[in-house]
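Here's the letter readout for the chains.
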Amino acid sequence: MKKQDSILILVLLAAAAVFFLGFRIWNRKPPEEVVVYVGDVEYARFSVGEDKELVIEGENGTNRLIVKDGKADVTEASCPDKICVRQNPISRTGETIVCMPNRVIVTIEQASQKKIRSEAGG
Amino acid sequence: MSKKVAVYGMLVALAFLLSYVETLIPFSFAIPGIKLGLANLVVITALYCLGEKGAFVISIVRIMLTGLTFTSLSVMLYSLGGGLLSFLCMVLAKRLTPLGITGVSVLGGVAHNLGQLLVAALVVRTGSLMYYFPALLAAGTAAGALIGILGGLVTERLRPFLRQGA
Numbered sequence: 005m006k007k008q009d010s011i012l013i014l015v016l017l018a019a020a021a022v023f024f025l026g027f028r029i030w031n032r033k034p035p036e037e038v039v040v041y042v043g044d045v046e047y048a049r050f051s052v053g054e055d056k057e058l059v060i061e062g063e064n065g066t067n068r069l070i071v072k073d074g075k076a077d078v079t080e081a082s083c084p085d086k087i088c089v090r091q092n093p094i095s096r097t098g099e100t101i102v103c104m105p106n107r108v109i110v111t112i113e114q115a116s117q118k119k120i121r122s123e124a125g126g
Numbered sequence: 083m084s085k086k087v088a089v090y091g092m093l094v095a096l097a098f099l100l101s102y103v104e105t106l107i108p109f110s111f112a113i114p115g116i117k118l119g120l121a122n123l124v125v126i127t128a129l130y131c132l133g134e135k136g137a138f139v140i141s142i143v144r145i146m147l148t149g150l151t152f153t154s155l156s157v158m159l160y161s162l163g164g165g166l167l168s169f170l171c172m173v174l175a176k177r178l179t180p181l182g183i184t185g186v187s188v189l190g191g192v193a194h195n196l197g198q199l200l201v202a203a204l205v206v207r208t209g210s211l212m213y214y215f216p217a218l219l220a221a222g223t224a225a226g227a228l229i230g231i232l233g234g235l236v237t238e239r240l241r242p243f244l245r246q247g248a
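Residue numbers (my numbering), protein chains in the order written: chain A, 5 to 126; chain B, 83 to 248.
Check the hints yourself; a few may be wrong.
Simulated pairs of lysine-lysine, BS3-like, Cα-Cα distance not exceeding 25 angstroms [stated by the list, open to error]: (1) A/K33 with A/K56; (2) A/K7 with B/K85; (3) B/K85 with B/K135; (4) A/K33 with A/K72; (5) A/K6 with B/K86; (6) A/K72 with A/K56.
Don't read these hints as lab results, they were simulated from the structure.
The following block holds chain B by itself, in its conformation from the complex (with noise of 0.2 angstroms):
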């Protein structure tokens, strides 16, 4: 039980250090929405090392802790959109699709901005969002293969210690 505990913890905190790091970057995009999505890499290794449980719990408090440290309010609720969307679409394709990790959290980053986009959408009521489907669209679809190698190396590593943890 510690054990688990002490897993989870330095998972949550490492995610929540990558989201730190992010808004570091000084990426200059002119489309909003885009980001290269570095805590979905403790994401998407925890669904592989620890299971759906696992990574959903991390998953939220993850976006939680981050919205109420460097962002506000209605950031968060764009990431919760995106981030429940994203993480929906990398479990029903890790079940049912032949997919591997990297394929997954390709779904994952497009879901995301996806997401996103559809809760922006809803709040200025308003279809002209639309026209950034398409490079949100090719942005994770780039982000998410980056971060899915990532996550397949890492996972590779980490997998034995994590199993014997958790």
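Okay, chain A solo, but in the shape it has when bound (with noise of 0.2 angstroms):
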């Protein structure tokens, strides 16, 4: 292996290593909300709180999403490859479970400005 190779792949690693923990930084807030998307709507969102079970209607199936213990967690999917349901359950705000084939996302965010807003404003 030549030293500008060696170079490059330690860059890569450490600009890996700030995005994480700028990553995690960033979304240090608490997580408040499960929310649901399928292709770019928003299809539900509920309080990480609330234990829920929950069957998606994607795009071209269905996905079975289990809120306990403010982890979220898909279980099933009628889709080929289960990626979404080997992934690790989520808990932290701006994490993400995504479908590919049936376009259903599912990640974790702060409650909405708007909602907020109208909390406080009513």
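Hints given; two lone chains; assemble the complex.
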């Protein structure tokens, strides 16, 4: 291996570490809501504290989502690759489970600004 | 000419086979899109032994064949996105930078993951997929380094034979 190659590898690994830590710090706020999107349309939104079981009707099939103890996990899917099922449960803000065949995205967000404002106003 | 056909056929078959072998490895990574990229071993070897045109042909034919045989059309689309970007980066790195075969392969691996992520983000039209970016960057670097080191060893041994053939 050339010296330049080693430098490149170290730089890329360092960049990955910086991005990883950056995302962690950026999303340090406590998780509040589990949000489900199908394509680019919001499908469902509810508090992470709520235990819930939901069958999501995606574009080409279904995914079963279970939220328990503040963790969201996809446990069943109609798609052949099951990548979404293999992904670990998510609990931090910004974490995402995705099912590409059904175009289903499960992510954890802060409560939307709009909602906070309306609650404060009302 | 017939020798050339034989060499290309053999390399495509080898890349095809390695893609299949990779589907057999029960990698159960928590992050989608992480894989070793064994088939890229053939592409990088071809890049250094046969040149850019040959490597390009092998790369595209391999993705088409694998897409039609083992996966679905949508997965083939991601593979094409990743494969093309990866190939472009490797060619540019080989031409323009002082990087060796390992460095070129590392850039190829990173570009492959990035390309797939971008195609996926376009399909679902969301930025939330960027959450996977750091993990895919690290994984692409590691896989690319491994394939590059292997590719260096293979190239050293195969070059004399392939040069004769092509």
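How the hints compare with the structure:
For the suggested pair A/K33 and A/K56, the alpha carbons sit about 22 angstroms apart, so the restraint of at most 25 angstroms is met. Of the supplied pair hints, the one linking A/K7 and B/K85 is violated, its CA atoms being roughly 37 angstroms apart against a limit of 25 angstroms. Proximity of B/K85 to B/K135 is assessed by CA-CA distance (about 16 angstroms); at most 25 angstroms being required, the pair is judged to hold. Restraint check for A/K33 and A/K72: the C-alpha separation of about 20 angstroms stays at or below 25 angstroms, so the hint holds.
Straight-line distance between C-alpha atoms of A/K6 and B/K86 comes to about 31 angstroms, which puts the hinted pair past the 25 angstroms bound. For a cut-off of 25 angstroms, the pair hint linking A/K72 to A/K56 stands: about 7 angstroms separates their Cα positions.
Violation of the numbered hints given earlier is confined to hints 2 and 5; the remaining hints are satisfied by the structure.
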